Amino acid sequence: MTSAEKRLGAAANFVDERLGAASWVKKSLNKVFPDHWSFMFGEICMYSFIILLLSGTFLTLWFDPSQREVVYEGVYEPLKGITMSAAYASTLDISFEIRGGLLMRQIHHWSANIFMAAIVAHLLRVFFTGAFRKPREFNWILGIILLTLGLVEGLLGYSLPDDLLSGTGLRITAAIVQAIPLVGTYLTFFLFGGAFPGVGFLPRIFTIHILLLPGIFLAVITIHVMLVWYQKHTQFPGPGRTEKNVVGHPILPVYMAKAGGFFFIVFGVTAFLSAVASINPIWLYGPYTPGQISAGSQPDWYMGWLDGLVRMAPPWETHALGHTISWNILIPALIVPGIIFTGMAFYPFIEAWITGDKREHHLLDRPRNVPNRTALGVMSITFVIISLINGGNDILATHFDLSINQIMWFSRISIFILPPIAFVVTKRLCLSLQRADRDLVLHGVETGQLVRMPSGEFVEIHQPISDEKRWILTSHEQPAALELPASDARGVRRPGAIKNKLRVRLSKANAVAIPKVSPGELKEIEHH
Amino acid sequence: MKRLSRYRRHKAAAPLLLIIALLGIGTTFNIVSAAVKQTPSALERSVLIEEGKAIFLRGCSSCHGLNLEGGAIAPSLIGVGAASVDFQVGTGRMPMADMSTQAARKEPVYSEEEVAALAAYVASLAPGPAIPTDEDLNYERDGNLAEGGVLFRNNCAMCHNFAGQGGALTQGKYAPTLMGVEPKHIYEALITGPQSMPVFSDKTLTPEEKLSVIKWIKAAEAEPNLGGATMGRVGPVTEGLLVWVLGLGLLIAVAVWLTARAR
Chain R
1 MTSAEKRLGA AANFVDERLG AASWVKKSLN KVFPDHWSFM FGEICMYSFI ILLLSGTFLT
61 LWFDPSQREV VYEGVYEPLK GITMSAAYAS TLDISFEIRG GLLMRQIHHW SANIFMAAIV
121 AHLLRVFFTG AFRKPREFNW ILGIILLTLG LVEGLLGYSL PDDLLSGTGL RITAAIVQAI
181 PLVGTYLTFF LFGGAFPGVG FLPRIFTIHI LLLPGIFLAV ITIHVMLVWY QKHTQFPGPG
241 RTEKNVVGHP ILPVYMAKAG GFFFIVFGVT AFLSAVASIN PIWLYGPYTP GQISAGSQPD
301 WYMGWLDGLV RMAPPWETHA LGHTISWNIL IPALIVPGII FTGMAFYPFI EAWITGDKRE
361 HHLLDRPRNV PNRTALGVMS ITFVIISLIN GGNDILATHF DLSINQIMWF SRISIFILPP
421 IAFVVTKRLC LSLQRADRDL VLHGVETGQL VRMPSGEFVE IHQPISDEKR WILTSHEQPA
481 ALELPASDAR GVRRPGAIKN KLRVRLSKAN AVAIPKVSPG ELKEIEHH
Chain V
1 MKRLSRYRRH KAAAPLLLII ALLGIGTTFN IVSAAVKQTP SALERSVLIE EGKAIFLRGC
61 SSCHGLNLEG GAIAPSLIGV GAASVDFQVG TGRMPMADMS TQAARKEPVY SEEEVAALAA
121 YVASLAPGPA IPTDEDLNYE RDGNLAEGGV LFRNNCAMCH NFAGQGGALT QGKYAPTLMG
181 VEPKHIYEAL ITGPQSMPVF SDKTLTPEEK LSVIKWIKAA EAEPNLGGAT MGRVGPVTEG
241 LLVWVLGLGL LIAVAVWLTA RAR
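Top line first, the protein sequences correspond to chains R and V.
Quick note: the first sequence uses my numbering, first residue 1, plus one each step.
Quick note: the second sequence uses my numbering, first residue 1, plus one each step.
If you're looking for bench data, these hints aren't it; they were derived computationally from the structure.
All values derive from a computational prediction rather than experimental measurement.
One or more hints might be untrue.
[Unchecked claim] In silico DSS-like cross-links for lysine-lysine, where the CA-CA straight-line distance does not exceed 30 Å:
#1 LYS80/R / LYS358/R
#2 LYS31/R / LYS499/R
#3 LYS80/R / LYS184/V
#4 LYS203/V / LYS80/R
#5 LYS173/V / LYS184/V
#6 LYS244/R / LYS31/R
[What the hints assert, rightly or not] Covered by chain R, according to a simulated footprint, are these stretches of chain V (three or more residues, beta-carbon under 8 Å):
#7 166-177
#8 218-228
Ideal Cβ positions, reconstructed from N, Cα and C, are used throughout, including at glycine.
Use the sequences and the hints to build the structure in full.
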């Protein structure tokens, strides 16, 4: 043993004797992570969060979250001498007078956008591969909480600079709060400390944005990652991969090097974007004044779909007993998102109820093998994309020579029609892909080599697929539909007949599949 | 000569000379400056109007009527003034290429001289806003940049976007981009209110305020993109597109590379 090793050993021993960390470290270092590019989305989220913490801390050093009125005397000529809030003035100072300030602002904003995009991509990966199934339902719910927190945190973040766009966003936020029946008006007064815009809101959301929500974020992310650690990562099916093992790289050295390197790559891509591409040029927007607005005012993309829903809502209002219920805001901005997020959070349990599957799952599904779930996912994506398109209807109208009214009517109609069509089409596609898989296993790959038989017949040589591939294409299970008879063996009606009928129907739809190649059929081709 | 020089010491000689010199200078100046001023004589003016009338009858009258009275598909031009003609024809909006939504800015069909003749003809039939002169348009001298920004956000941004990039109106109509528009044409648009745009009379926006707005627009046009490339200065829609395409695209490419199996 060299002296360096000896010293290191002594240090490790010192720590171990006091913390008893050796066994935990040993176990952890042997932890294995499976490799797939889609498993990296979660890491992008985590790294973006770290970048957000770092760049955000930098910004707090100079940002003044106050609605106190000041006269701008900085270097940006077009705003000189204008009365504005201290918040906006300090954001201008960060952009123009603090060294590296503009880059930091852009890193913070681009990073927030990448953070949300990666969360959505991560969510889609988990959804389409069925990684949310038992025992990971809680972690799925934590993920939905993180997504929701991200939406709120992002909204509060781009509201802070108090430029024309952020003020417009807050005006809409205030309107949405006001739309809550009965208590809306009081809630707005409570939140804004008086009538909009008030003077209390910016300092309040600043505290929430930099302290409360990041704290909750940190706690939830920690639990989220610890649960992944504890429950182990899921893996795609393949030879040697079972429900009881994890095949991949141990954390040291390969995985650690890759993950650590990936952090710097994420930081690099974010910094690259921030260096070459402008985001939210607040100096062009000017300070917020309730009397002003810009054409094409939009929220950031992750709120854009909600904006799109509000934009397509018909102008329905009810006046009753001295109250106004603004259905045009209430439905698209509160009720529909409420249903969507609740549905998302409970989806693992809903699916388990339909399939009746109570087992643990550590092997992922290939999306085509679960046509109903995949179709539901594509249907939801279609819904959100139509909403998002309508959220940008004014930009689309000017850039593609369209009529804003036509886009709105297209969205209003297709929001009901296109998602179901997407469902059916996706389901058919999944079944076709299953059929293609079956053909591949039975007949192999076409080689393009034609052979003339002695009889004069031409045949194309098919090459059988590899064992590994055959395993992947045939190892999944195809569960049968649930059978829940309406009455028991003695002819007595079972309780919950209607519920059971629904469950059976859903389960039947869920179990539609092209029968995969059976072991018997496989044996037959091997004989060929 | 001798006879003249005899009087050179006469007491009236000096004042007389002075008077002659002053008269000479005055006359010369008057003649020269009259040539510079180029005020069109009544004759020239009527020639211009005749030219304008000829162009109008050839190119405009089929829609706007033989006497500017308008018709089923085009408004009357009585009283629209020279400014309106200069804006509509000078920016290529008129003659219209298609009637579906609104007249689009395009390469002008008529030359500057022809536009001037048309404007003179239309203005000759009824009074209306005149074309602002270069002196009226000295926005660098008479405009206030910061005030122009406030006025722009108060009066213009709701249709033309915060950076003058244009925006959507109803039924396919739009507020066009203000980038690359001549100050004269901006001013004329303000005083004549073309298409969906309201008129900003001198009571709504004083001439100095109009120049301030123009100064701000010109400054926004000249301002480099301080934060790096923008995707059209239209806000978060294109930024979101960039995040998904370039941001997440690059990261996915890296993730695929990182997790690729070693061969």
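Counting residues of the segment 166-177 of chain V that have a beta-carbon nearer than 8 Å to any beta-carbon of chain R, does the count reach 3? holds (count 9)
Is LYS80/R close enough to LYS358/R, meaning Cα to Cα at most 30 Å? Outside the cut-off at roughly 66 Å; violated.
Coverage claim, chain R over the segment 218-228 of chain V, checked by counting residues with Cβ within 8 Å (three needed): Held - the segment 218-228 of chain V has 7 residues with a Cβ nearer than 8 Å to chain R, which meets the minimum of three.
Holds or violated: LYS203/V with LYS80/R, Cα cutoff 30 Å? Holds: LYS203/V and LYS80/R sit about 26 Å apart, inside 30 Å.
Given pair status - LYS184/V, LYS80/R, alpha carbons within 30 Å: Distance ~26 Å between LYS80/R and LYS184/V Cα, so the pair holds.
Is LYS173/V within 30 Å of LYS184/V, Cα to Cα? Holds, because 23 Å separates the two Cα atoms, which is no more than 30 Å.
Would the pair LYS244/R and LYS31/R pass a check requiring their Cα atoms to be no farther apart than 30 Å? Holds: LYS244/R and LYS31/R sit about 14 Å apart, inside 30 Å.
Pair hint outcome, LYS31/R versus LYS499/R [Cα-Cα no greater than 30 Å]: Not OK: LYS31/R and LYS499/R at ~44 Å, beyond 30 Å, violated.
Violated hints for the displayed structure, listed by number in ascending order: 1, 2.
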